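*Asks:* Use the sequences and the hints to build the structure in full.
Taken in sequence, the protein lines are chains A and B. Per the working numbering, the first sequence runs over residues 1 to 154. Per the working numbering, the second sequence runs over residues 1 to 249.
Hints listed in this document are in silico derivations from the structure and should not be mistaken for laboratory results. A couple of the hints might just be wrong.
[Unchecked claim] If you anchor each label on the Cβ, the simulated ranges turn out as follows:
#1 Ser78/B / Asp67/A: 21 to 29 Å
#2 Ala90/A / Asp56/B: 54 to 62 Å
#3 Asp150/B / Asp67/A: 50 to 58 Å
#4 Asp67/A / Ala27/B: 17 to 25 Å
[To be verified] Where chain B lies over chain A, by a calculated footprint (3+ residues, C-beta under 8 Å):
#5 63 to 74
#6 93 to 106
From a predicted model like this one, the values you see are computed outputs, not experimental measurements. Idealized CB from N, CA, C, for every residue including glycine.
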Amino acid sequence: MFIIKLKWQSIIAAIAITMACLFMPMEVHAHGVNINYTSNVEIEIIATYDSGIPMAGAQVAVYAPDDPTTPWLTGSCDEEGRFSFAPDTARPGIWDVQVRLAGHGGIIHIPVGGDTTTADGQVGFSHLQIGIMSACVIWGSTGTALYFSKRRKT
Amino acid sequence: MKKRFPIPVIALSILAVALAGCAGGSATGKLQFYANGEDFVRQGFVSKDGWSISFDHVYITLSDIAAYQTEPPYDPSSGTDIDAKTEIALDGVYTIDLAEGGEDAPPIMLAEVSDAPVGHYNAISWEMSQASSGPAAGHSLVMIGTAEKDGQSIDFTINIDEECEYLCGEYVGDVRKGILEEGNTAELEMTFHFDHIFGDGELPQDDELNLAAVGFQPFADGADAAGVINMTDMHLGHVGEGHCHCACE
Chain A
1 MFIIKLKWQS IIAAIAITMA CLFMPMEVHA HGVNINYTSN VEIEIIATYD
51 SGIPMAGAQV AVYAPDDPTT PWLTGSCDEE GRFSFAPDTA RPGIWDVQVR
101 LAGHGGIIHI PVGGDTTTAD GQVGFSHLQI GIMSACVIWG STGTALYFSK
151 RRKT
Chain B
1 MKKRFPIPVI ALSILAVALA GCAGGSATGK LQFYANGEDF VRQGFVSKDG
51 WSISFDHVYI TLSDIAAYQT EPPYDPSSGT DIDAKTEIAL DGVYTIDLAE
101 GGEDAPPIML AEVSDAPVGH YNAISWEMSQ ASSGPAAGHS LVMIGTAEKD
151 GQSIDFTINI DEECEYLCGE YVGDVRKGIL EEGNTAELEM TFHFDHIFGD
201 GELPQDDELN LAAVGFQPFA DGADAAGVIN MTDMHLGHVG EGHCHCACE
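*Replies:* Given below as structure tokens:
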């Protein structure tokens, strides 16, 4: 009985201390600072014709890696053919930027973030994956067969 | 005594079933190939030297057409061969009339592959080759039409015999093309810019396009096409507004 009583007392005390810590007003230091940061990557493109003449006023369409058919951002180049944008770094991969002017255009592919591989559209499994899965299936089935085979003998 | 299946037989059977199941897992869709002479061919236009050109027929012969999925994306300015992980090649030679239909006629569909693997077909290549028969026999490109300027009217037939290889990257235009999802249809387009040959009267004379184009006046003066047109310099083949690598002979 004594031991049980002590446990309950300890639990109640622990809860009380925790609650007190949670709701106690925090002491504020006069010279304390809070520094937060966000990571933004700004990309600038410069579009020119082969001759070097800037594609002034060219239409720009930016496509995020996870939606290659709908522009994530549209805009136009300045007089020097420049266009800047900050891609969403939470959407890593290859960002496509298409630039068009007067019936001529091009597209550039820019890697953003850690995983810069594009979705390749391949479905199903590679030969290696098939091999590994097959080996697992065989191993599991063989083990099961051996198990039941052994049980019958005993 | 009961007959038992040996364990290796059981294992091999399971392997066969597993592999058969995986083999049928590749997703496919329809991939359509189009050729487009644009409004320049369908509606006519004014050349850089002021000739109002309209076309009755523009026969072009295309062969060795192939679409690719490349990683990294193919850069046509490199002039290198296309290194693809997936390739869809069309058999056959196609002679088509880019001017067929009315002024608002859609691009011409050459072929459709119904079981193309899904993915982004971001490169395409083709040959403009000489036709072996038909109205364009012996030529790779035949332009038939009428040109008018200052009350003068000339009926013309311009034959091009050069054969050209075009290596192109991704289609560039209002919409992105070539992105094929399972069970859906994706389009690819071979686009031909005839203003590159005759120039565009709506652009300044010193525009790059007009500086490179031959215009129509040489033909009005009776010049032979082979004497004034170098197809490698004309850059006729595009993918929408995107340029291609071109080599002619």
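*Asks:* Against each hint, give a clear statement of whether it holds in the structure.
*Replies:* Now the hints, each set against the structure:
no.: 1; hint: Ser78/B / Asp67/A: 21 to 29 Å; in the structure: holds, 28 Å
no.: 2; hint: Ala90/A / Asp56/B: 54 to 62 Å; in the structure: holds, 56 Å
no.: 3; hint: Asp150/B / Asp67/A: 50 to 58 Å; in the structure: holds, 53 Å
no.: 4; hint: Asp67/A / Ala27/B: 17 to 25 Å; in the structure: holds, 19 Å
no.: 5; hint: 63 to 74; in the structure: holds (count 3)
no.: 6; hint: 93 to 106; in the structure: holds (count 7)
Checked against the numbered hints listed earlier, the structure breaks none of them; every hint is satisfied.
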